[in-house]
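A.B. asks: Here is how the chains run, residue by residue.
Protein chains: 4
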Amino acid sequence: MSNSFGRVLTVTTFGESHGPAIGCVIDGFPPGFEITAEEIRDELMRRATGQSRWTSQRKEAEDVQILSGMFEGKTTGTPIALLIYNTDARSKDYTKIAAQFRPGHADYTYHHKYGIRDYRGGGRSSARETTMRVAAGALARKYLKLHYGVEIVGWLGQLGELVCDESFDAAVINDNPFFCPDEKRVPDLEEYMKALWKSGDSVGALVRARATGVPVGIGAPVYAKLDGDLAAAMMSINATKGVEIGAGFASVAHKGTEHRDEITPEGFLSNHAGGILGGIASGQPVELSVAFKPTSSLRLPGRTVDTEGKPVEIITTGRHDPCVGIRAVPIVEAMLALTLLDHILLHRAQCGDVPAQTPRVTG
Amino acid sequence: MSNSFGRVLTVTTFGESHGPAIGCVIDGFPPGFEITAEEIRDELMRRATGQSRWTSQRKEAEDVQILSGMFEGKTTGTPIALLIYNTDARSKDYTKIAAQFRPGHADYTYHHKYGIRDYRGGGRSSARETTMRVAAGALARKYLKLHYGVEIVGWLGQLGELVCDESFDAAVINDNPFFCPDEKRVPDLEEYMKALWKSGDSVGALVRARATGVPVGIGAPVYAKLDGDLAAAMMSINATKGVEIGAGFASVAHKGTEHRDEITPEGFLSNHAGGILGGIASGQPVELSVAFKPTSSLRLPGRTVDTEGKPVEIITTGRHDPCVGIRAVPIVEAMLALTLLDHILLHRAQCGDVPAQTPRVTG
Amino acid sequence: MSNSFGRVLTVTTFGESHGPAIGCVIDGFPPGFEITAEEIRDELMRRATGQSRWTSQRKEAEDVQILSGMFEGKTTGTPIALLIYNTDARSKDYTKIAAQFRPGHADYTYHHKYGIRDYRGGGRSSARETTMRVAAGALARKYLKLHYGVEIVGWLGQLGELVCDESFDAAVINDNPFFCPDEKRVPDLEEYMKALWKSGDSVGALVRARATGVPVGIGAPVYAKLDGDLAAAMMSINATKGVEIGAGFASVAHKGTEHRDEITPEGFLSNHAGGILGGIASGQPVELSVAFKPTSSLRLPGRTVDTEGKPVEIITTGRHDPCVGIRAVPIVEAMLALTLLDHILLHRAQCGDVPAQTPRVTG
Amino acid sequence: MSNSFGRVLTVTTFGESHGPAIGCVIDGFPPGFEITAEEIRDELMRRATGQSRWTSQRKEAEDVQILSGMFEGKTTGTPIALLIYNTDARSKDYTKIAAQFRPGHADYTYHHKYGIRDYRGGGRSSARETTMRVAAGALARKYLKLHYGVEIVGWLGQLGELVCDESFDAAVINDNPFFCPDEKRVPDLEEYMKALWKSGDSVGALVRARATGVPVGIGAPVYAKLDGDLAAAMMSINATKGVEIGAGFASVAHKGTEHRDEITPEGFLSNHAGGILGGIASGQPVELSVAFKPTSSLRLPGRTVDTEGKPVEIITTGRHDPCVGIRAVPIVEAMLALTLLDHILLHRAQCGDVPAQTPRVTG
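As given, the protein sequences belong to chains A, B, C and D, one line each in that order.
Residue numbers for the first sequence follow our numbering, beginning at 4 and rising by one.
Residue numbers for the second sequence follow our numbering, beginning at 4 and rising by one.
Residue numbers for the third sequence follow our numbering, beginning at 4 and rising by one.
Residue numbers for the fourth sequence follow our numbering, beginning at 4 and rising by one.
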């Protein structure tokens with residue numbers, strides 16, 4: 004099931020960027036849980052394009068419909084289908100590149116895989132698909148918070164070469180259009196993006212996320228490791244090129260005595276593990292980083308071939324984010340929430356319920 | 004199914020480090036394929052401990068038995084079970100730490116998850132489990148090479164702070180006990196490991212791998228992306244803390260014009276994508292990097308708690324690799340091979356067979 | 004994934020009888036296949052209520068929308084979402100039984116499982132869900148016919164105590180509202196249903212189906228047997244109480260010499276196996292029978308309890324089929340088509356493509 | 004994963020009848036549960052061949068090894084591998100029919116599917132595979148009884164044309180080699196089998212099973228129905244040709260007023276549903292029937308073709324049960340136990356734990 008993820012809580016998404024609609028089906032969600040379309044919409048608006056001048060100017064109403072699985076405001080345990088019609092698609096922007104492959108874009112591989120593709124706006128490979136991850140994530144996030152006290156926060160760690168100071172107050176993050184935790188960096192980011200926009204180029208970004216209150220014991224050996232599932236979840240987001248858990252690639256140069264997180268009766272003394280040992284949550288905060296590549300759809304000309312293999316120069320004129328990584332913050336949070344809840348439910352199956360985190364284990 | 008991986012070609016592993024045996028069941032492998040126990044054993048010996056003074060001195064005969072799924076030297080299409088009895092386990096090494104949690108080790112989380120654990124040698128969380136990945140990978144690797152011309156090579160990119168020159172001749176890699184592609188680095192590595200061994204500490208490592216000849220078109224949107232499945236496969240290996248595809252975290256500072264791999268009729272002009280676009284193989288070499296943390300079982304004392312939460316000082320005296328990353332090279336190769344073959348078979352289901360790679364698309 | 008079926012070709016359905024809409028997501032369907040909403044609608048009309056006076060009088064426009072996975076009239080290989088809004092739902096019919104359990108109905112068990120249920124029209128347990136099976140089946144059926152020459156036909160074998168003569172001409176089946184293959188039985192069935200309707204009672208039915216041209220070799224040991232998957236598929240249809248393959252329960256009294264289907268160079272001499280041996284298709288017609296129980300929603304009063312456990316007399320006044328088995332014929336055909344195509348694709352993954360059936364193996 | 008079944012509690016089996024060994028891997032079993040190899044062996048002996056003169060005379064020591072997943076007598080939550088070496092295989096019995104297809108046997112379809120087969124003793128399609136279902140079932144059965152009070156009993160309902168009186172005392176069933184609940188029928192069965200044995204022919208059988216104490220609420224819509232999963236589980240047993248839940252095919256002639264199980268505050272007044280409504284357990288006993296065809300390996304000559312398509316007369320001289328249905332009783336029980344426990348665990352994931360059955364709901 005290539006378009007589904009999750010083990011006992013599953014999300015199946017469908018829809019193309021410029022097709023009639025996008026949607027998802029959430030299966031296995033606990034019954035009796037209250038959530039409204041407005042709450043889902045709020046989460047969607049954080050991700051939505053058109054919110055700032057730094058992201059694509061496509062207006063997406065994000066008018067999400069709940070088609071099933073709820074009754075009188077509560078989940079019923081049956082599959083929850085969410086749907087958003089595509090309203091502001093400008094397909095003709097893509098007509099002239101219909102027979103060309105954008106360098107660095109999935110249209111090359113979709114074409115070679117299927118022998119056919121919906122070239123309008125990237126079709127199924129568009130970041131538009133991630134809307135549904137955020138919608139489904141809204142349910143998981145609220146459930147995690149209410150039932151297990153789990154809190155999730157994501158932020159921009161780096162944009163191009165601009166590194167953010169991460170000794171932050173979480174309140175700052177949602178106060179600027181970059182999800183930047185570093186107030187003093189915001190003017191630099193604005194300047195940078197302004198210049199980038201002007202140049203016609205795009206840039207990569209680093210997104211980080213942390214979940215606190217994760218119950219000790221969730222996760223599983225060996226191919227259902229919590230970090231394995233998180234890695235797959237993050238790598239499934241468009242434009243991701245790398246995933247780290249805890250210390251990540253810095254671990255390469257670590258000594259064992261430096262890396263291992265010593266334990267005292269009061270808790271762990273460090274968190275290089277990123278809250279996961281042997282694929283199972285330790286009760287410390289789960290911490291991860293995700294690398295996003297720069298957008299491949301550029302108005303700066305590039306060399307490529309057309310569908311007949313002939314060399315052409317390509318220029319993409321559709322509306323595109325100069326840095327997809329910015330908008331990736333709520334998507335990373337959503338994938339983190341969905342993966343954590345899936346593993347809590349999986350744990351309940353084999354081992355019974357997990358307690359809310361004990362105060363003894365603190366990070 | 005927490006102990007299985009793969010979509011249509013699945014591998015299920017079982018067994019603890021110091022239990023009676025370890026084994027695996029390979030399901031969905033194509034019929035009529037010739038392979039011998041000796042060929043599997045050859046692959047296992049590359050990973051085996053006791054091969055050099057730099058890895059654990061546990062002698063593992065790796066006397067693999069093929070219990071099913073083969074007849075007169077050929078696979079029959081039914082499940083292939085492989086088994087290795089554990090012969091050189093010294094369980095009493097672990098008696099004194101049976102009630103203690105090694106900092107940075109999975110025994111803490113297994114204990115909290117299950118309320119019970121086989122503390123001898125790490126039990127199920129031991130790197131011993133990866134033996135079976137290499138065994139199963141031997142079949143995938145041979146099949147990929149014979150039927151699709153796919154070649155896989157892995158190497159040590161960095162050990163602690165020692166970086167290897169990667170402009171290499173593949174022949175060098177198997178000529179030294181470090182899987183190092185850089186002949187001139189080998190004496191440094193020997194010196195480094197000697198000092199490390201003496202100190203009682205451990206160190207992390209960076210492993211890289213490349214697959215050439217990967218058929219364009221394998222992989223799938225959106226949650227069965229080839230890179231998503233590779234990330235999960237790599238993160239499921241013990242001690243992994245990070246995974247990169249292609250340019251990986253370097254993409255964060257890339258501009259779009261720099262990162263995108265331009266295309267000419269003769270092929271791509273670069274490979275920042277690492278051979279995967281939109282989750283689907285482009286026909287270029289698939290390239291990835293994996294970060295391994297240092298071993299957590301050290302004979303240098305560390306602070307921890309026992310199973311009753313009381314503070315204790317722990318020293319681990321079992322036989323352990325001072326750098327698990329060295330032996331991870333054949334494991335990374337095996338997981339890469341299994342994931343690629345799984346995706347070839349999945350592609351055959353939906354789209355029919357893939358052609359062997361065309362010469363037009365070169366990296 | 005409780006609301007999905009299939010192994011490599013999967014269908015996920017969602018929606019309640021009186022919710023906003025019902026729909027499905029078809030994943031893994033081969034690309035480049037032409038089908039129109041009209042063709043799907045034609046198949047739906049065969050199943051639709053309101054087509055005869057013998058089935059529920061709910062008018063269902065069955066105005067199916069294709070939301071994704073198609074481009075310029077062809078499947079693209081990405082998930083195909085189908086949606087039908089519920090238009091003629093009369094929810095207030097159910098208000099008075101909202102707190103009562105219909106004997107023989109799933110509202111009792113849904114309530115006990117989830118602690119909440121959408122009582123309007125049976126919610127998720129309504130036969131309305133099967134609409135989506137027929138819609139998805141339309142794609143599978145057309146593909147099977149065009150690519151593999153597989154033809155599927157279902158019919159009413161028995162209604163209550165009225166047994167149909169099954170030595171039939173397939174053309175008759177679609178010429179009467181009962182899917183009865185026995186022209187002479189049709190007046191009896193009309194008479195029977197008229198009396199039944201008057202009485203307020205309901206009745207069971209036997210549905211049979213046959214697929215010809217099934218490629219020899221599809222199916223798999225041991226838990227993916229073609230007959231095992233067919234049994235699950237049929238038992239998942241509302242009101243099913245039994246499934247037989249080939250000779251079915253008659254096999255109990257068979258001798259081995261009588262039951263075994265002898266083989267000659269010209270083909271098999273009988274088909275007690277129903278076209279499946281060891282879970283794998285023999286190339287003979289696949290034949291099965293399905294038993295449907297009578298509808299449990301009756302206007303004749305029955306003893307039951309309410310949600311507080313107090314005894315009440317229940318009368319159901321919504322619109323209900325007096326014999327759900329009649330309309331089950333296209334549903335059985337659809338589930339047969341989907342299961343066969345799933346197994347053809349699964350076979351392609353492991354063994355490569357199957358040839359269209361050879362003339363040598365005839366039933 | 005063709006050789007695995009279960010959703011969150013999974014069993015993967017491997018091994019051929021005359022290969023080195025058969026085994027299974029049980030994944031997802033709750034930790035901390037005590038069971039011994041002897042307890043598993045006891046269950047195996049009920050199924051074992053060589054126990055009576057009416058079943059195959061192959062001696063199977065059933066010396067089961069527990070290779071993993073247990074520590075100090077308790078399950079650890081990691082995969083439990085069970086293994087039995089094949090000791091009394093007489094492969095040369097099969098040499099002369101190596102190139103012939105037994106009518107009614109899976110060797111025809113395995114050959115056509117895979118182009119290769121292990122012809123010795125039926126290979127993977129042998130009933131020998133079911134040994135592992137009984138072994139895995141032993142764990143599920145004990146767990147169900149201790150934790151949920153679920154009791155499972157199976158029996159022979161009919162052998163050929165001999166119908167057993169089913170108003171029984173469960174104690175009788177294990178007191179005769181036929182699992183017959185009807186003491187007075189035993190001499191007839193002995194006489195019948197003696198004559199059958201002499202004749203060289205085989206015969207079919209009907210097996211029934213009942214589970215009491217099944218928690219109300221387990222099961223799930225729509226494609227994970229408890230009865231759907233039971234149908235698949237039963238149909239996956241060798242030689243099964245039909246499955247019924249509750250009233251089964253008798254439902255066809257039922258009126259709704261007769262079939263619906265009315266409810267009073269003291270419980271249901273009948274159990275035509277067989278304990279399942281809408282795919283979810285009602286708390287009444289789960290009841291099912293399974294039809295087994297006669298063995299196809301006969302010493303009476305039959306017409307068939309060889310692997311080159313030439314007509315031959317076949318005689319099978321290996322050791323075969325004249326009625327596989329007799330030994331199927333413990334297999335049906337095991338599959339019922341595994342399916343019920345799987346659904347209890349699945350229910351725990353989504354809805355939390357199920358209470359042991361309340362006394363209010365009685366059958």
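It is possible that some hints are incorrect.
Unchecked claim - One-sided and incomplete, this derived list gives chain C residues near chain A with beta-carbon spacing under 10 Å:
1) 22
2) 28
3) 88
4) 119
5) 312
6) 313
In case anyone wonders, no lab produced these hints; they're calculated from the structure.
C-beta: ideal position from N, C-alpha, C; glycine also.
A.B. asks: Checking each numbered hint in turn, tell me which of them this model violates, lowest number first.
C.D. replies: 5 and 6
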